[in-house]
Amino acid sequence: FLAFNFGFFMTNIHILNLPLALVNTMIGDGARLFRSADLYASYVIVALYSILYLFCLDRLGLHFYPMFTARSNTCALSFGLLLALYYCILTGANRVISSSSNLPRWETESLDVEIAPLVFLKAIATALFTQ
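Number 131 marks the last residue of the sequence shown (our numbering); no jumps.
What the hints contain is simulated information worked out from the structure, not anything from laboratory work. Glycine included, each C-beta is placed from N, C-alpha and C at the ideal position. Take these hints with a grain of salt, some might be off.
Simulated restraints on C-beta separations [said to hold, decoys possible]: (1) Cys56 / Ser98: 39 to 49 Å; (2) Val46 / Asn94: 33 to 43 Å; (3) Cys56 / Asn94: 27 to 37 Å; (4) Ala3 / Ser98: 35 to 45 Å; (5) His63 / Ser98: 38 to 48 Å; (6) Leu62 / Asn94: 28 to 38 Å; (7) Leu81 / Tyr40: 10 to 20 Å; (8) Ser98 / Phe6: 28 to 38 Å.
Given only the sequences and the hints, what does the whole structure look like? Please build it.
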(Lines of atoms letter the chains of each structure in order from A and count residues from 1; the text may use other names and numbers.)
(Lines give C-alpha, C1' and ligand atoms only; values in the text may rest on other atoms or scores of the structure.)
Protein backbone atom coordinates (compact mmCIF):
# COMPACT_ATOMS: atom_id res chain seq x y z
CA PHE A 1 0.00 0.00 0.00
CA LEU A 2 2.71 2.48 0.98
CA ALA A 3 4.96 1.50 -1.93
CA PHE A 4 2.09 2.13 -4.35
CA ASN A 5 1.06 5.45 -2.80
CA PHE A 6 4.60 6.82 -2.63
CA GLY A 7 5.68 5.50 -6.03
CA PHE A 8 6.68 7.82 -8.87
CA PHE A 9 3.26 7.89 -10.54
CA MET A 10 1.21 8.71 -7.43
CA THR A 11 3.79 11.23 -6.20
CA ASN A 12 3.65 12.95 -9.56
CA ILE A 13 -0.14 13.07 -9.57
CA HIS A 14 -0.69 14.17 -5.99
CA ILE A 15 2.34 16.33 -5.21
CA LEU A 16 4.07 17.61 -8.33
CA ASN A 17 1.01 18.62 -10.36
CA LEU A 18 0.06 21.56 -8.12
CA PRO A 19 3.41 23.43 -8.37
CA LEU A 20 3.58 22.71 -12.10
CA ALA A 21 0.05 24.04 -12.58
CA LEU A 22 0.88 27.19 -10.60
CA VAL A 23 4.02 27.82 -12.66
CA ASN A 24 2.02 27.35 -15.85
CA THR A 25 -0.67 29.73 -14.61
CA MET A 26 1.82 32.39 -13.51
CA ILE A 27 4.08 32.29 -16.56
CA GLY A 28 1.69 31.06 -19.23
CA ASP A 29 0.13 33.42 -21.70
CA GLY A 30 -3.26 34.77 -20.68
CA ALA A 31 -3.01 34.12 -16.96
CA ARG A 32 -6.15 35.33 -15.23
CA LEU A 33 -7.28 35.48 -11.65
CA PHE A 34 -9.56 32.74 -10.38
CA ARG A 35 -13.17 33.72 -9.78
CA SER A 36 -15.94 32.39 -7.60
CA ALA A 37 -17.20 30.31 -10.54
CA ASP A 38 -13.89 28.43 -10.50
CA LEU A 39 -14.34 27.72 -6.80
CA TYR A 40 -17.93 26.56 -7.28
CA ALA A 41 -16.88 24.28 -10.16
CA SER A 42 -14.19 22.70 -8.00
CA TYR A 43 -16.71 22.23 -5.18
CA VAL A 44 -19.08 20.46 -7.59
CA ILE A 45 -16.28 18.15 -8.73
CA VAL A 46 -15.36 17.36 -5.10
CA ALA A 47 -19.01 16.68 -4.28
CA LEU A 48 -19.45 14.33 -7.24
CA TYR A 49 -16.24 12.47 -6.49
CA SER A 50 -17.23 12.23 -2.81
CA ILE A 51 -20.55 10.66 -3.78
CA LEU A 52 -18.72 8.17 -6.00
CA TYR A 53 -16.22 7.40 -3.23
CA LEU A 54 -18.70 7.11 -0.36
CA PHE A 55 -21.45 5.19 -2.13
CA CYS A 56 -19.46 3.02 -4.55
CA LEU A 57 -15.75 2.68 -3.87
CA ASP A 58 -15.91 2.66 -0.06
CA ARG A 59 -18.70 0.06 -0.07
CA LEU A 60 -16.66 -2.17 -2.37
CA GLY A 61 -13.80 -2.10 0.14
CA LEU A 62 -11.60 0.30 -1.82
CA HIS A 63 -10.47 2.58 1.01
CA PHE A 64 -8.25 5.08 -0.80
CA TYR A 65 -8.84 7.87 1.72
CA PRO A 66 -9.32 6.50 5.26
CA MET A 67 -10.05 9.94 6.71
CA PHE A 68 -12.95 10.45 4.26
CA THR A 69 -14.68 7.15 4.91
CA ALA A 70 -18.15 7.44 6.43
CA ARG A 71 -17.07 5.05 9.20
CA SER A 72 -14.57 7.60 10.53
CA ASN A 73 -15.47 9.98 13.36
CA THR A 74 -13.62 12.73 11.52
CA CYS A 75 -15.44 12.38 8.19
CA ALA A 76 -17.38 15.66 8.37
CA LEU A 77 -14.36 17.52 9.71
CA SER A 78 -12.18 16.11 6.92
CA PHE A 79 -14.59 17.21 4.20
CA GLY A 80 -14.93 20.65 5.79
CA LEU A 81 -11.16 21.04 5.93
CA LEU A 82 -10.91 19.93 2.30
CA LEU A 83 -13.36 22.63 1.19
CA ALA A 84 -11.49 25.22 3.26
CA LEU A 85 -8.22 24.06 1.67
CA TYR A 86 -9.72 24.58 -1.80
CA TYR A 87 -10.69 28.14 -0.83
CA CYS A 88 -7.22 28.85 0.61
CA ILE A 89 -5.50 27.50 -2.51
CA LEU A 90 -7.73 29.66 -4.73
CA THR A 91 -7.08 32.86 -2.78
CA GLY A 92 -3.37 32.07 -2.43
CA ALA A 93 -3.06 31.39 -6.15
CA ASN A 94 -4.79 34.71 -6.88
CA ARG A 95 -2.23 36.49 -4.69
CA VAL A 96 0.63 34.75 -6.49
CA ILE A 97 -0.82 35.50 -9.93
CA SER A 98 -1.41 39.19 -9.11
CA SER A 99 2.11 39.60 -7.74
CA SER A 100 3.71 37.87 -10.73
CA SER A 101 2.81 40.50 -13.32
CA ASN A 102 6.50 41.27 -13.92
CA LEU A 103 7.42 37.64 -14.69
CA PRO A 104 8.22 36.74 -18.31
CA ARG A 105 5.30 35.26 -20.26
CA TRP A 106 5.45 32.29 -22.58
CA GLU A 107 3.70 33.00 -25.83
CA THR A 108 1.14 30.35 -26.72
CA GLU A 109 -1.73 30.15 -29.13
CA SER A 110 -4.40 32.65 -28.28
CA LEU A 111 -7.39 30.71 -27.03
CA ASP A 112 -10.10 32.36 -25.02
CA VAL A 113 -10.23 30.22 -21.89
CA GLU A 114 -13.74 31.41 -21.05
CA ILE A 115 -15.26 30.55 -24.43
CA ALA A 116 -13.39 27.34 -25.31
CA PRO A 117 -15.61 25.01 -23.20
CA LEU A 118 -18.75 26.56 -24.69
CA VAL A 119 -17.47 26.04 -28.23
CA PHE A 120 -16.67 22.42 -27.36
CA LEU A 121 -20.15 21.84 -25.90
CA LYS A 122 -21.78 23.48 -28.92
CA ALA A 123 -19.81 21.18 -31.26
CA ILE A 124 -20.91 18.12 -29.28
CA ALA A 125 -24.55 19.25 -29.25
CA THR A 126 -24.45 19.94 -32.98
CA ALA A 127 -22.97 16.52 -33.68
CA LEU A 128 -25.53 14.75 -31.49
CA PHE A 129 -28.69 16.54 -32.58
CA THR A 130 -28.15 17.05 -36.30
CA GLN A 131 -28.44 14.29 -38.83
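Against the structure, the hints:
no.	hint	verdict
1	Cys56 / Ser98: 39 to 49 Å	holds (40 Å)
2	Val46 / Asn94: 33 to 43 Å	violated (19 Å)
3	Cys56 / Asn94: 27 to 37 Å	holds (34 Å)
4	Ala3 / Ser98: 35 to 45 Å	holds (41 Å)
5	His63 / Ser98: 38 to 48 Å	holds (40 Å)
6	Leu62 / Asn94: 28 to 38 Å	holds (35 Å)
7	Leu81 / Tyr40: 10 to 20 Å	holds (19 Å)
8	Ser98 / Phe6: 28 to 38 Å	holds (35 Å)
In this structure, only the earlier hint numbered 2 is contradicted, and the remaining ones agree with it.
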